[in-house]
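K.L.:
Read off the chains here:
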Amino acid sequence: NAGVMQNPRHLVRRRGQEARLRCSPMKGHSHVYWYRQLPEEGLKFMVYLQKENIIDESGMPKERFSAEFPKEGPSILRIQQVVRGDSAAYFCASSPTRGAEETQYFGPGTRLLVL
Amino acid sequence: AQKITQTQPGMFVQEKEAVTLDCTYDTSDPSYGLFWYKQPSSGEMIFLIYQGSYDQQNATEGRYSLNFQKARKSANLVISASQLGDSAMYFCAMREDQGAQKLVFGQGTRLTINP
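One line per chain: the protein sequences are Y and X, in this order. Taking this note's numbering, the leading residue of the first sequence gets 1, the next gets one more, and so forth. Taking this note's numbering, the leading residue of the second sequence gets 1, the next gets one more, and so forth.
One chain only, chain X, in its complex shape (with noise of 0.2 Å):
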């Protein structure tokens, strides 16, 4: 069965500095999606960036990266340059190729940006 695991409820962190919010997941799926999802106090789910089981490179979206570690089975999420504007929940999910096309998400990460 898919399973995602934040570790971290909670990060702090100055501004303008980088941070990396941990995931790992399970799966028996050869081929599945990595999805991390922000949701700021508004209560939105704002889509950040996506990793296929297959890519060979890191995904990266502007000031988002994507730490992909296969063998590890991890799929940290790396913002670079923090912003007050940061601030928020952040969301990690999985969705199989196989079988149903839910997302399976973690519990979540909640991240401050200290001025």
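Extracted from the complex, chain Y is given alone in its bound form (with noise of 0.2 Å):
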């Protein structure tokens, strides 16, 4: 039964080049969140998804960040032209269904850094 799955767990991107996250939820769920954590800081909310649809992207960065869960495959969140400032670990949570009762469970998250 596996859990939420993430890769790479480490990406390492020069100034400019693209980046790439992917996320498989468990299997069942099709309610997949992004979060940003910054070093010594909580999580931070950017971007709620169901499948095709994007239902909540209010804590997005307007330019350079995008995601998207398609019908089949994982979820992806990409930034365009990254810059030092994108160096975070980023986390991938999926539940079965919305609702406050409902758990989200994490998965290993991907640390990026940006040289």
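Where hints are given, some of them may not hold.
To be verified - Think about it this way: if two alpha-carbon atoms lie no more than 30 Å apart in a straight line, the pair counts; the simulated DSSO-like pairs of lysine-lysine are:
id, chain 1, residue 1, chain 2, residue 2
1, Y, K44, Y, K27
2, X, K73, Y, K51
3, Y, K71, Y, K27
4, X, K70, Y, K44
5, X, K73, X, K3
6, Y, K44, X, K3
7, X, K73, X, K16
8, X, K16, X, K70
9, X, K73, Y, K44
10, X, K3, Y, K62
As the list claims (entries may be wrong) - Looking from chain X toward chain Y, a few residues come up when the C-beta cut is under 7 Å (computed):
id, residue
11, G43
12, F91
13, Q107
14, G108
I should point out that these hints are in silico values taken from the structure, not numbers from a laboratory. The beta carbon of each residue, even a glycine, is placed where N, CA and C say it ideally should be.
Reconstruct the complex from the two isolated chains, following the hints.
P.N.:
Laid out in structure tokens, this is it:
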């Protein structure tokens, strides 16, 4: 019974390159959330997706960041033209349905380092 | 707007003692969920315990219990008989039933268990 899977676990990019982070939710989960964690801080919400739909992207920077959750395959968080300030841990979480009582289960995270 | 406050940046406890990690929250939504997550040095986010706003009894999961005081808007985590493996960052989080389905996290408390 696999949990939430994320890859890669570590990603190093030079300024100006693109970063692609992948997330496969738990089996049976159709709701995916992306969070970002800066060093020594709590997680900050970025985007909430269901299959083929972005439900809430209120936490996403307006430029360079995009997310998708296609009908087939993992959810992708894409960061174009990365800058040093994008260095952080990016976590994906999934839940089976929506609602305040639904637990979000997290993947191991992707640590992005921008040189 | 929802807000989570954890006022203890760090705590040091002797092994086998009980420890209480503080969490206060603010929300105008009558229906919400409160969650605690553990983040060990390896970085993953581990779900510990959940409390619903309408739950009459405090949640318990093994050595973890949640001291829920709704009128005070507090949701403290109690760990009984602490173990060395409990050393980690602990995050309190809240999710409202209305609107965005995001989790809002506190800044975290770093717990260190001394032998």
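K.L.:
Now, for every hint given, state plainly whether the structure supports it.
P.N.:
Going through the hints against the structure:
no.: 1; hint: K44/Y with K27/Y; in the structure: holds (24 Å)
no.: 2; hint: K73/X with K51/Y; in the structure: violated (35 Å)
no.: 3; hint: K71/Y with K27/Y; in the structure: holds (14 Å)
no.: 4; hint: K70/X with K44/Y; in the structure: holds (25 Å)
no.: 5; hint: K73/X with K3/X; in the structure: holds (11 Å)
no.: 6; hint: K44/Y with K3/X; in the structure: holds (12 Å)
no.: 7; hint: K73/X with K16/X; in the structure: holds (28 Å)
no.: 8; hint: K16/X with K70/X; in the structure: holds (29 Å)
no.: 9; hint: K73/X with K44/Y; in the structure: holds (21 Å)
no.: 10; hint: K3/X with K62/Y; in the structure: holds (23 Å)
no.: 11; hint: G43; in the structure: holds (6 Å)
no.: 12; hint: F91; in the structure: holds (6 Å)
no.: 13; hint: Q107; in the structure: holds (5 Å)
no.: 14; hint: G108; in the structure: holds (5 Å)
In summary, the structure is inconsistent with hint 2 from the numbered list given earlier, while agreeing with all the others.
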